[in-house]
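K.L.:
Each chain is listed here by its residues.
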Amino acid sequence: MSEESAAGAEKEDSSLETIRAAQNPDGGWPYKRRGGSWTEPTVYALLAHAAGQTAAPGSGRALAWLSAAQRADGGWPPRRSVDQSTWVTALVTLLPPEVLGAERHARGVRWLLEQSGMESTRAFRLREFLRKGELQDGPAQSGWPWFPGTAAWVTPTSLGILALKKSYWRQPSAELRERIEAAQAYLFSRRCADGGWNHGAARALGYNSEFYPETTGQALLALAGTDAEPLAESFQLAQGFLRECRPSGGAAWLRLGLLAHQQLPAGIPSFSMPCRTLPDVALSFLARRAERGYNIFVD
Amino acid sequence: MPRGIKRRDFLLGSAGVMGLAGCSRPKAPPARPLVAVTRAPAYSQELYGAMRRVLAEHKLKVRGRRVVLKPNLVEFEPASTINTHPMLVHAALEAFRALGAEVRIAEGPGHRRGTLDLAEAAGYFQTIPNFEDIFTDLNLDEVSPVRLPHPVSRLDSLYLPHTVLGCDLLVSMPKMKTHHWVGVTLSMKNLFGVVPGGVYGWPKNVLHWAGISESIVDLHSLFPRPFAIVDGIVGMDGNGPIQGRPKAAGVIVSGHDPVGVDATCCRIMQIEPSRIGYLALAGGLDRLEAKNIQQIGERLDGVATPFDLILELRSLRRDSA
Numbered sequence: 030m031s032e033e034s035a036a037g038a039e040k041e042d043s044s045l046e047t048i049r050a051a052q053n054p055d056g057g058w059p060y061k062r063r064g065g066s067w068t069e070p071t072v073y074a075l076l077a078h079a080a081g082q083t084a085a086p087g088s089g090r091a092l093a094w095l096s097a098a099q100r101a102d103g104g105w106p107p108r109r110s111v112d113q114s115t116w117v118t119a120l121v122t123l124l125p126p127e128v129l130g131a132e133r134h135a136r137g138v139r140w141l142l143e144q145s146g147m148e149s150t151r152a153f154r155l156r157e158f159l160r161k162g163e164l165q166d167g168p169a170q171s172g173w174p175w176f177p178g179t180a181a182w183v184t185p186t187s188l189g190i191l192a193l194k195k196s197y198w199r200q201p202s203a204e205l206r207e208r209i210e211a212a213q214a215y216l217f218s219r220r221c222a223d224g225g226w227n228h229g230a231a232r233a234l235g236y237n238s239e240f241y242p243e244t245t246g247q248a249l250l251a252l253a254g255t256d257a258e259p260l261a262e263s264f265q266l267a268q269g270f271l272r273e274c275r276p277s278g279g280a281a282w283l284r285l286g287l288l289a290h291q292q293l294p295a296g297i298p299s300f301s302m303p304c305r306t307l308p309d310v311a312l313s314f315l316a317r318r319a320e321r322g323y324n325i326f327v328d
Numbered sequence: 038m039p040r041g042i043k044r045r046d047f048l049l050g051s052a053g054v055m056g057l058a059g060c061s062r063p064k065a066p067p068a069r070p071l072v073a074v075t076r077a078p079a080y081s082q083e084l085y086g087a088m089r090r091v092l093a094e095h096k097l098k099v100r101g102r103r104v105v106l107k108p109n110l111v112e113f114e115p116a117s118t119i120n121t122h123p124m125l126v127h128a129a130l131e132a133f134r135a136l137g138a139e140v141r142i143a144e145g146p147g148h149r150r151g152t153l154d155l156a157e158a159a160g161y162f163q164t165i166p167n168f169e170d171i172f173t174d175l176n177l178d179e180v181s182p183v184r185l186p187h188p189v190s191r192l193d194s195l196y197l198p199h200t201v202l203g204c205d206l207l208v209s210m211p212k213m214k215t216h217h218w219v220g221v222t223l224s225m226k227n228l229f230g231v232v233p234g235g236v237y238g239w240p241k242n243v244l245h246w247a248g249i250s251e252s253i254v255d256l257h258s259l260f261p262r263p264f265a266i267v268d269g270i271v272g273m274d275g276n277g278p279i280q281g282r283p284k285a286a287g288v289i290v291s292g293h294d295p296v297g298v299d300a301t302c303c304r305i306m307q308i309e310p311s312r313i314g315y316l317a318l319a320g321g322l323d324r325l326e327a328k329n330i331q332q333i334g335e336r337l338d339g340v341a342t343p344f345d346l347i348l349e350l351r352s353l354r355r356d357s358a
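Chains A and B, in that order, are what the protein sequence lines are.
Mapping of the first sequence onto our numbering: position 251 corresponds to residue 280, and the numbering continues sequentially without gaps.
Mapping of the second sequence onto our numbering: position 65 corresponds to residue 102, and the numbering continues sequentially without gaps.
Extracted from the complex, chain A is given alone in its bound form (with noise of 0.2 angstroms):
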């Protein structure tokens, strides 16, 4: 083992020790150490235990506590205590069916698949036709909105896809193609300007927005296996920024993007930016084992 590798190595242990430390008695992981159970932290730290190859010693107590939090509806609540599925239901659904239980993880699929933003729901669109005289994106450009009754955004998008993706790899359907696709040209439909990805507010009153980092990365993930060409300039400004990013969240989402596509440049040095969150901590540890050839995400 190299120098290099075994100081990767032993970061991504130490990672692991960080997240197996801040479990909570419940089963579940707050996104600050102490602090309540929500559903995203959980997820994100059975995700790097599952990158890891290594079994969270409180796995069985961290998948009772997402067993129970799921809904009536098929979807998880962002933590116990809110009555609402919502956009983290996604991410449960990256779990795989073996680990969550069949019947759950199909009920959480079903869900997703009946969500939509609303701007492409047909009762908003003919208001706004009625409204405004101008067609507003249809079924064919559909994504997620991060709470029910609201639009379309990127980042809940992205992961909708990502986790289509993985039952539609175990179990090809039509409906599930259909649905990925609507997302990705969702995702093509909000690209700024400058080729990333920004919350999905491409533009505002005429204005160009700029760019962020996690959500470039997020996308880029989403549209991993889709025409590269496309994306040329989304891969430029990605490796242009990454010398640049400062919240580890937004470093590691650039890189996972990037690796999905094999494009991160060779040489960029390993981030050493502070992670402040739980799901930041899994995050980067996800990344440096994407780099290492396991993407979690599209592997």
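By construction, these hints were calculated from the structure, which means they are not laboratory data.
One or more of the hints may lead you astray.
Derived SDA-like pairs: lysine to any residue, alpha-carbon spacing no greater than 20 angstroms straight-line [to be verified]:
#1 Lys-61/A x Phe-172/B
#2 Lys-61/A x Phe-168/B
#3 Lys-98/B x Arg-134/B
#4 Lys-161/A x Glu-148/A
From the structure, some residues in chain A lie toward chain B, with a derived Cβ separation under 7 angstroms [to be verified]:
#5 Pro-107
#6 Val-111
#7 Phe-153
#8 Trp-175
#9 His-228
#10 Tyr-236
#11 Gly-278
#12 Pro-294
Owing to the predicted nature of the structure, the values given are computational and were not obtained by experimental measurement.
Backbone N, C-alpha and C define an ideal beta-carbon position, used for all residues, glycine too.
Given chain A's structure and the hints, the job is docking chain B onto it.
P.N.:
The following block gives chain B in isolation, referenced to the frame of chain A:
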């Protein structure tokens, strides 16, 4: 929204608002709310003394009280005037502490997830000692549902963070900026930052779908007696709140009545307050009139300076037809 909250949770939420938060107990606004306009030409050491004078003018009694300072953090652009300046927040922190308050700083940005990274880029770590120990990311804080007693938006309830539900005084500390959707973003619009992204996402799009102006008014109704300190030392005009240009106004505007504070800020920006939808909705047109606000400190005609507006918002200009 969110639909389906159980009655028990409503009660819990209501208890949070009505019981824990003295700051949010419904009270009628004073007949002529006091609004102070304090000259502050630069972000300098003089701010510390100025802020103590501001709190003295308003006769704030906060000894032993839990005070939460809520600045506006938006983007990673330290060179721009997009975020509330950390020195003003530090000056407020010191001034409230000097009065015996227990002070925290809290914010939940609407677009970017790395709140502490944002704060670091904005200079908060450098300016405020032990910043991380006294800061709460409202996007990821513990939450309880709170019912809106008389909603004007399409919301009927909101999950809100315990840090703001449990404080005695919530201090809204926005930047004085134009806003391309609602005209201006000041102390009332700044309350969007208390809505938790961890529940609603980034952006907090439920507020947009429920009606931006109406949601601002609903949030204001949950915190009807906060304190406001507006950073108008260097604000932002043009295509705010993100892509505008720095605009020096050289003032701090403060008061207990956010409607009065924001209406006064509008006058400083040479914008007609009655044309700002949420101000008209929250206050009624009478309440926005200058004669109904007890304004102290600098005379408005000595500090008023026109904030440039994008074409779509030019009709908000005070002198426009």
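K.L.:
How about Trp-175/A: closest beta carbon in chain B under 7 angstroms, or not?
P.N.:
This interface hint holds because 2 angstroms falls under the 7 angstroms limit.
K.L.:
Just to be careful: measuring from the Cβ of Pro-107/A to every Cβ in chain B, is the smallest value less than 7 angstroms?
P.N.:
5 angstroms, holds
K.L.:
For a C-alpha distance cap of 20 angstroms, please report whether Lys-161/A and Glu-148/A respect it.
P.N.:
Cα-Cα ~14 angstroms, so holds.
K.L.:
A closest beta-carbon separation below 7 angstroms is what the hint needs, so does His-228/A meet it against chain B?
P.N.:
Where the cut-off is 7 angstroms and the nearest Cβ of chain B is about 5 angstroms from His-228/A, the hint holds.
K.L.:
Given a cut of 7 angstroms on the nearest C-beta pair, is the interface hint for Tyr-236/A held or broken against chain B?
P.N.:
6 angstroms, holds
K.L.:
For the hint on Val-111/A, just tell me whether its beta-carbon gets within less than 7 angstroms of chain B.
P.N.:
6 angstroms, holds
K.L.:
Given the hint that Lys-98/B pairs with Arg-134/B, test it: the Cα-Cα distance must not exceed 20 angstroms.
P.N.:
12 angstroms, holds
K.L.:
Any CB of chain B closer than 7 angstroms to the CB of Phe-153/A?
P.N.:
10 angstroms, violated
K.L.:
Hint check: is the beta carbon of Pro-294/A less than 7 angstroms from a beta carbon of chain B?
P.N.:
Nearest chain B Cβ about 23 angstroms off; hint violated.
K.L.:
Please check whether Gly-278/A passes as an interface residue: C-beta within 7 angstroms of a C-beta belonging to chain B.
P.N.:
6 angstroms, holds
K.L.:
Would the pair Lys-61/A and Phe-168/B pass a check requiring their Cα atoms to be no farther apart than 20 angstroms?
P.N.:
16 angstroms, holds
K.L.:
Do the alpha carbons of Lys-61/A and Phe-172/B lie within 20 angstroms of each other, as the hint requires?
P.N.:
13 angstroms, holds
Figure legend: structure checked against the earlier numbered hints; hints not met, in rising order: 7, 12.
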